[in-house]
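Q: Protein chains in written order, with full-length UniProt numbering: chain A, 1 to 464; chain B, 1 to 464.
Some clues are possibly wrong.
Put simply, identical chains are the same to the list, so a pair is met inside one copy or across any two.
[Unchecked claim] Dumping the calculated DSS-like pairs for lysine-lysine here, alpha-carbon to alpha-carbon at most 27 Å:
1) Lys-85 <-> Lys-191
2) Lys-210 <-> Lys-429
3) Lys-383 <-> Lys-32
4) Lys-210 <-> Lys-232
5) Lys-383 <-> Lys-305
6) Lys-360 <-> Lys-90
7) Lys-232 <-> Lys-429
8) Lys-456 <-> Lys-360
9) Lys-305 <-> Lys-363
If you're looking for bench data, these hints aren't it; they were derived computationally from the structure.
In this text, all values refer to a predicted model and were calculated from it rather than measured experimentally.
2 protein chains.
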Amino acid sequence: MWGIHLNRESEIPLKRQLYQSLSERIMAGILKAGESLPSTRALAQELNVSRNTVNEAYDMLVTEGYAETRQGAATRIAGGLVLDKRPQSKAQRLETPPIPSFLADFRTGQPDLRQFPRYAWQRLSHQALGEMPVDLLGYTGPQGLPRLRREIAAWLMRSKGLVVKPEDIFITAGATQALHLIADLLYDNGKEILVEDPCNIEMIQTFIGKGYAVKPVPVDEYGLQTDGLAAKYGSPVYVTPSHQFPLGAILPAARRAALIRFARHNGSFVIEDDYDSEFRYVGEPASPLYAMDPDRVIYIGTFSKVLFPALRIGYVILPRELQSAWSRLRTYTDVQNPPFEQAVLAQFLHTRKFDRHIVKMSKLYRERRQVLLDSLQAGFGEKLRTWGDAAGLHLAVEFPGQTFDEHFRQEARRNRIRVTPVEYHCVRKGRHNSKLLFGYGHLEPDQIREGILLLKAFLHENGK
Amino acid sequence: MWGIHLNRESEIPLKRQLYQSLSERIMAGILKAGESLPSTRALAQELNVSRNTVNEAYDMLVTEGYAETRQGAATRIAGGLVLDKRPQSKAQRLETPPIPSFLADFRTGQPDLRQFPRYAWQRLSHQALGEMPVDLLGYTGPQGLPRLRREIAAWLMRSKGLVVKPEDIFITAGATQALHLIADLLYDNGKEILVEDPCNIEMIQTFIGKGYAVKPVPVDEYGLQTDGLAAKYGSPVYVTPSHQFPLGAILPAARRAALIRFARHNGSFVIEDDYDSEFRYVGEPASPLYAMDPDRVIYIGTFSKVLFPALRIGYVILPRELQSAWSRLRTYTDVQNPPFEQAVLAQFLHTRKFDRHIVKMSKLYRERRQVLLDSLQAGFGEKLRTWGDAAGLHLAVEFPGQTFDEHFRQEARRNRIRVTPVEYHCVRKGRHNSKLLFGYGHLEPDQIREGILLLKAFLHENGK
């Protein structure tokens, strides 16, 4: 009847299949408004199903308003239901491009995931799940688990001498979300942001996407040049003072003081992104700018680089005047972080497994950095100059006289070499085009050595 | 010397304490630009620490630009460092108000967390962590785990007859984040949104926060009134067709068709929030509106109500034309969901533990709904009328002749009774002020009975 065919192998119950067949035919105008549906007995016989199946399908039609029924009368098709069936758009579905397998992969910001102490984490996780109070399965507020905030405060104290109250720490779903929320939070302060140039161009996309004007401030070998700082009143400044991304400087104290003076004078907040200062290979991690003025600096910390990116836990330390607005904003953005990873991370910090992991990884990364430096020296000798402090997971290298642009980047990719020109991270192009970035944290020494050889051959082929 | 006191009990290493003491005195102008620091030998003796400690503190000062050193000369204080020490703002820190303990807590949208199969979840979680490929600890893209998207597609098929490809499903950090991203995604379509009135007033805050004009469309006992739909070209419409929040209607097919016709004509997307249709106590869950036009409907699904809110996993099914922009936006919002809960949830769906949990909870919630109906009947008899379909976790009840406003809500809270007037969720006030919402999913039968008795007494005292 009406070409209805039911599939007895399907996971969709017969009653729903029948309901769907009938409702489609009603919407197509094949079954017309006011027409009676056949009796349940007749249709059940026709389709070789139980009367109950037909009854239930009819109930669904009535419940959803496709049909109407009145005491003692037949079930009739409702009116106003005809809707053109449109073929589904042929618009391009999102195709995830296959990730090319690189022969040399110097991407930045990638820790060595193989070194992550999975077993210890798994054990803590099992324990945390078992011990978690049932309340934590419900909504527990936008600020994050108190225990985790206490552990972060304790760790900031013992590792960086930073005195901060757990009450001023707000957990986020990573540093990217922190910036996204800050962009929303400060949206009414003139819609302009000052950034280091070069800076992490991916991280500022959230500001660009919201229509902020991006005002680049040049970076030299010491970091942000604070001499000519000028902006609309209230415009925030986004900086990486502990390890400038990508050039690697530790911002000197005089410039820090100048930046804070500017922020006070200009009614600005300074957004301090401390993305990887845990890994410093000579001496102690640099001190956070936050300590200079907790009322003007928003500090962003992350665990993506120390532990693993997919953890999606970061935090901000917020000036008090922003805290209420932040909590409201986070509530209506994505409510809160899930509790499990927070509980596990708190325990990971508490047991100092975190500190030990940093010590272990620092040793490993320091060795890899040295392998990279040696390989570059062997491959290019005097023809290069390295930039920045001995820290983090990547190195900026200048090849005087060379030019590395987007074309070069793409061409290298086609040759299965991933290496990022500093130019890629520049807002104003043309000032850093002789520099390349080498991420090394995730690479074994042999991968580094072979990668540099491949790069050298590639450069040679391209007349560089 | 200069009043420096080192605390040997502190977790902060002595070298960092010394560095901090000196840098503070430099910034305060006590140690002046150009002055020499004492020899390491002299200062070490003075403070009774090793010369190495002083050396390391001096290194930190030099590294961070507080002091300068030249071959063979003493270490001198750098210039430009004086910064007024300001007392930290006395601005109100965010105080989390203590959650009052309610004697009767009819809040909406709360599943019974005690019933969640924690042990099974914990076991799957342990397994997922152990089996997780190391790649998943890194960034894996904004769309979510393919395996979870396949399991969601399979479940939508078997439970709602919805045919959807995993490629069209995008995992989110809950339904709130889905709306937040949609608000950003459609920001340029006129900044106006049509909402059901009443609607979930918390959920639309993200639109309000971004400056959208909210245009209310009245809801009657059948749901959204589609007769007078009018809007700026492209304005989205936010609806809950499977179980109108808060009044409970299933939107009839004729109105669904009218809504889709409107969306096509007006270049609008319809945002379908299917927040709790899994729990329907007579007959089958209503069919998603999405099936009527996958090019015009954005479907939002969530696991907060079926499993637990803190899970923070939801999903959207996106029209293809929005998919690229969505992926970009999610990347710059918070990158992606963490992988663990996704993997566990995928397995929970795959093993059909999810389906069984829904069956179990439906039975429980149906019983509690009946207890609520019986208690209301016993307490108020003919003086009330219930609204909506037998579904979900709450019930809308009309008390003809009564008025329940914000003052009533607050007064009830002070009496430790949490019950929400429909008025609270109204955009235009005054049209639904005789109705109250009773969340019952999270309450034991005795809590429901006692709660209604308490409410009755409270109403009586207040002359209602």
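Q: From the Cα coordinates, with 27 Å as the cut-off, is the pair Lys-85 and Lys-191 best called within, between, both, or neither?
A: For Lys-85 and Lys-191, neither the intra-copy (44 Å) nor the inter-copy (29 Å) Cα distance is at most 27 Å.
Q: State whether the alpha carbon distance between Lys-456 and Lys-360 is at most 27 Å within one copy, between copies, both, or neither.
A: neither (31 Å within a copy, 64 Å between copies)
Q: I want to check one pair: Lys-383 and Lys-305. Are their C-alpha atoms no more than 27 Å apart within a copy, between two copies, both, or neither?
A: Neither: 31 Å inside a chain and 62 Å across chains, both beyond 27 Å.
Q: 27 Å Cα cut-off: does Lys-210 pair with Lys-232 within a copy, between copies, both or neither?
A: This pair counts as both: shortest intra-copy Cα distance 17 Å, inter-copy 22 Å.
Q: Indicate which option fits the pair Lys-305, Lys-363 if close means a Cα-Cα distance not exceeding 27 Å: within, between, both or neither.
A: This pair counts as within: shortest intra-copy Cα distance 15 Å, inter-copy 46 Å.
Q: With identical chains treated as interchangeable, where does the CA-CA distance between Lys-383 and Lys-32 reach 27 Å or less: within a copy, between copies, both, or neither?
A: Neither. Shortest intra-copy (82 Å) and inter-copy (41 Å) distances fail the 27 Å Cα cut-off.
Q: With identical chains, the pair Lys-232 and Lys-429 could be close in the same copy or across copies; at 27 Å between alpha carbons, which is it: within, between, both, or neither?
A: within (23 Å within a copy, 40 Å between copies)
Q: Can you give me the call for Lys-210 and Lys-429, within, between, both or neither, at a CA distance of at most 27 Å?
A: within (22 Å within a copy, 33 Å between copies)
Q: Could you place Lys-360 and Lys-90 in one of the four classes (within, between, both, neither) given a Cα distance threshold of 27 Å?
A: neither (52 Å within a copy, 41 Å between copies)
Comparing the model with each numbered hint stated earlier shows that hints 1, 3, 5, 6 and 8 do not hold.
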